[in-house]
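Based on the sequences and whatever the hints tell you, model everything.
These are the residues of each chain, in order.
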Amino acid sequence: GIQVEQSPPDLILQEGANSTLRCNFSDSVNNLQWFHQNPWGQLINLFYIPSGTKQNGRLSATTVATERYSLLYISSSQTTDSGVYFCAVGQSNTGNQFYFGTGTSLTVIP
Amino acid sequence: DAGVTQSPTHLIKTRGQQVTLRCSPKSGHDTVSWYQQALGQGPQFIFQYYEEEERQRGNFPDRFSGHQFPNYSSELNVNALLLGDSALYLCASSTGHTDTQYFGPGTRLTVL
Chain A
34 GIQVEQSPPD LILQEGANST LRCNFSDSVN NLQWFHQNPW GQLINLFYIP SGTKQNGRLS
94 ATTVATERYS LLYISSSQTT DSGVYFCAVG QSNTGNQFYF GTGTSLTVIP
Chain B
413 DAGVTQSPTH LIKTRGQQVT LRCSPKSGHD TVSWYQQALG QGPQFIFQYY EEEERQRGNF
473 PDRFSGHQFP NYSSELNVNA LLLGDSALYL CASSTGHTDT QYFGPGTRLT VL
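Chain order of the listed sequences is A and B. According to this note's numbering, the first sequence is numbered sequentially starting from 34. According to this note's numbering, the second sequence is numbered sequentially starting from 413.
Treat the hints as calculated values from the structure; they're not laboratory data. For every residue, glycine included, the Cβ atom is placed at its ideal position computed from N, Cα and C. Warning: the hint list may mix true and false statements.
From the structure, some residues in chain A lie toward chain B, with a derived Cβ separation under 8 Å [said to hold, decoys possible]: (1) P72; (2) L76; (3) G134; (4) T140.
Partial chain B-side listing against chain A, Cβ under 10 Å, derived [to be verified]: (5) G452; (6) G454; (7) F515.
Estimated spans, in silico, between C-beta atoms of each pair [unchecked claim]: (8) A:R91 / B:E465: 39 to 49 Å; (9) A:N78 / B:D474: 30 to 40 Å; (10) A:P83 / B:R469: 22 to 32 Å; (11) B:D442 / A:W73: 26 to 36 Å; (12) A:N78 / B:N471: 38 to 48 Å; (13) A:P72 / B:T432: 36 to 46 Å; (14) A:G85 / B:P473: 38 to 48 Å.
Spelled out as structure tokens, the structure:
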């Protein structure tokens, strides 16, 4: 299967700070999503971004498929941004099976 | 438009018992995937159902089985429960090969 590495594993920020989360993957993919897992376990879709750049409010993401990495940017962080961020990738020849990284645990301190 | 729903929310079983978890996909979605998430880990793919058949399977033993119904809802069955089966079980629905996957709130299973 595809290996997915996320960094950093843990991140502690002061409210208002910016951060960059990274996702490296070991093979070509045509499906990549970023998720935020809240304390209750719900995985919330942030971006579907197999390539290119997208922005949604304070969040943006960039995937460079040819170099097999994706970045998630969080600007002006808020305490509600706390939680675990996962990158998940998939290939068309395996349908929609996702390979997940181990996540980045973000804590935003007021 | 209802999202992905799962039931029950929590479940406590003892070793050796059997359990059935349920998932209803998002409206318009025909594909259901199941994932197991152990504490502190990322979700691991169990299997995927499409057109009432298992289309793909991850590295899980035969104790894990599933079913998809004509209305696209799905069940995950686990037999002969082990302590190591304690985890959050997540269901995701989608359509097509490259569409966004949407996850349900999960079922937290504890095996004592």
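A quick look at each hint next to the structure:
no.	hint	verdict
1	P72	12 Å, violated
2	L76	4 Å, holds
3	G134	6 Å, holds
4	T140	15 Å, violated
5	G452	8 Å, holds
6	G454	3 Å, holds
7	F515	4 Å, holds
8	A:R91 / B:E465: 39 to 49 Å	42 Å, holds
9	A:N78 / B:D474: 30 to 40 Å	32 Å, holds
10	A:P83 / B:R469: 22 to 32 Å	24 Å, holds
11	B:D442 / A:W73: 26 to 36 Å	27 Å, holds
12	A:N78 / B:N471: 38 to 48 Å	26 Å, violated
13	A:P72 / B:T432: 36 to 46 Å	26 Å, violated
14	A:G85 / B:P473: 38 to 48 Å	39 Å, holds
Checked against the numbered hints above, the structure violates hints 1, 4, 12 and 13; every other hint is satisfied.
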